[in-house]
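Enquirer: Order-wise, the sequence lines are chains B and P.
All letters in the first sequence, in the order written, are residues 639 to 751 by this note's numbering.
All letters in the second sequence, in the order written, are residues 177 to 289 by this note's numbering.
Source of the hints: derived by calculation from the structure; they are not laboratory data.
Some hints could be false.
Unchecked claim - Listed next, the in silico EDC-like pairs over lysine to aspartate or glutamate satisfying Cα-Cα at most 20 Å (straight line): (1) K234/P to E738/B; (2) K639/B to E738/B; (3) K244/P to D260/P; (4) K234/P to E202/P; (5) K233/P to E720/B; (6) K181/P to D255/P.
Stated by the list, open to error - Here are the simulated distance ranges between beta carbons: (7) E738/B to F215/P: 30 to 36 Å; (8) Q692/B to E232/P: 21 to 27 Å; (9) P646/B to L222/P: 21 to 27 Å.
Note that the Cβ used here is the ideal one computed from N, Cα and C, for glycine as well.
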Amino acid sequence: KAGVTQTPRYLIKTRGQQVTLSCSPISGHRSVSWYQQTPGQGLQFLFEYFSETQRNKGNFPGRFSGRQFSNSRSEMNVSTLELGDSALYLCASRVRGGQETQYFGPGTRLLVL
Amino acid sequence: QQQVKQSPQSLIVQKGGISIINCAYENTAFDYFPWYQQFPGKGPALLIAIRPDVSEKKEGRFTISFNKSAKQFSLHIMDSQPGDSATYFCAASPPQAGTALIFGKGTTLSVSS
Numbered sequence: 639k640a641g642v643t644q645t646p647r648y649l650i651k652t653r654g655q656q657v658t659l660s661c662s663p664i665s666g667h668r669s670v671s672w673y674q675q676t677p678g679q680g681l682q683f684l685f686e687y688f689s690e691t692q693r694n695k696g697n698f699p700g701r702f703s704g705r706q707f708s709n710s711r712s713e714m715n716v717s718t719l720e721l722g723d724s725a726l727y728l729c730a731s732r733v734r735g736g737q738e739t740q741y742f743g744p745g746t747r748l749l750v751l
Numbered sequence: 177q178q179q180v181k182q183s184p185q186s187l188i189v190q191k192g193g194i195s196i197i198n199c200a201y202e203n204t205a206f207d208y209f210p211w212y213q214q215f216p217g218k219g220p221a222l223l224i225a226i227r228p229d230v231s232e233k234k235e236g237r238f239t240i241s242f243n244k245s246a247k248q249f250s251l252h253i254m255d256s257q258p259g260d261s262a263t264y265f266c267a268a269s270p271p272q273a274g275t276a277l278i279f280g281k282g283t284t285l286s287v288s289s
């Protein structure tokens, strides 16, 4: 089975722009979670989607949003980028949720200048 | 109450030695405690996980020790090898289906040969 894939792998944007990141989960997985990883804050939960519905949301401003499609693929969007949004954005999938193993993708490295 | 505190931040161990990473939590609702391993350029991958009904779980050279009364758990890597050099994250979650993993801030392990 192919693993979790994320595109693009690297991205450079300037302040004020918006960005969309994409995640394709493992086939058969319906739960997709997004995490932000930075050296200072570590891994922080952004949100989780299951069957096209946001099931849980972390403590991030409304500039961070996401969605999930009927094929379980997910996108996250960050509007009005700030320098502090520079991070590795990780997507993780699992079959349904709960305490099943989460399988992470390689991440998208976003640099905001 | 939602935090997971991890120490040390970095660790240098000789090849063949024992690596020990510690984590502490406050939320008694947590009942699932995984450890993730992350290599540079890759997403985290599940290494081993434990539930609070057991005090120890061993898989190969990796052992989790769990102390429910102290709300602490630790990862022991026996016979540490250079290939174990990576960043290790402890995490915790409560039992609900849509909840996220709460991660510690990570420990960078370097095993010298």
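Enquirer: Against each hint, give a clear statement of whether it holds in the structure.
Expert: Hint by hint, here is what the structure shows:
no.: 1; hint: K234/P to E738/B; result: holds, 19 Å
no.: 2; hint: K639/B to E738/B; result: holds, 17 Å
no.: 3; hint: K244/P to D260/P; result: violated, 27 Å
no.: 4; hint: K234/P to E202/P; result: violated, 24 Å
no.: 5; hint: K233/P to E720/B; result: violated, 43 Å
no.: 6; hint: K181/P to D255/P; result: violated, 25 Å
no.: 7; hint: E738/B to F215/P: 30 to 36 Å; result: violated, 23 Å
no.: 8; hint: Q692/B to E232/P: 21 to 27 Å; result: violated, 37 Å
no.: 9; hint: P646/B to L222/P: 21 to 27 Å; result: holds, 25 Å
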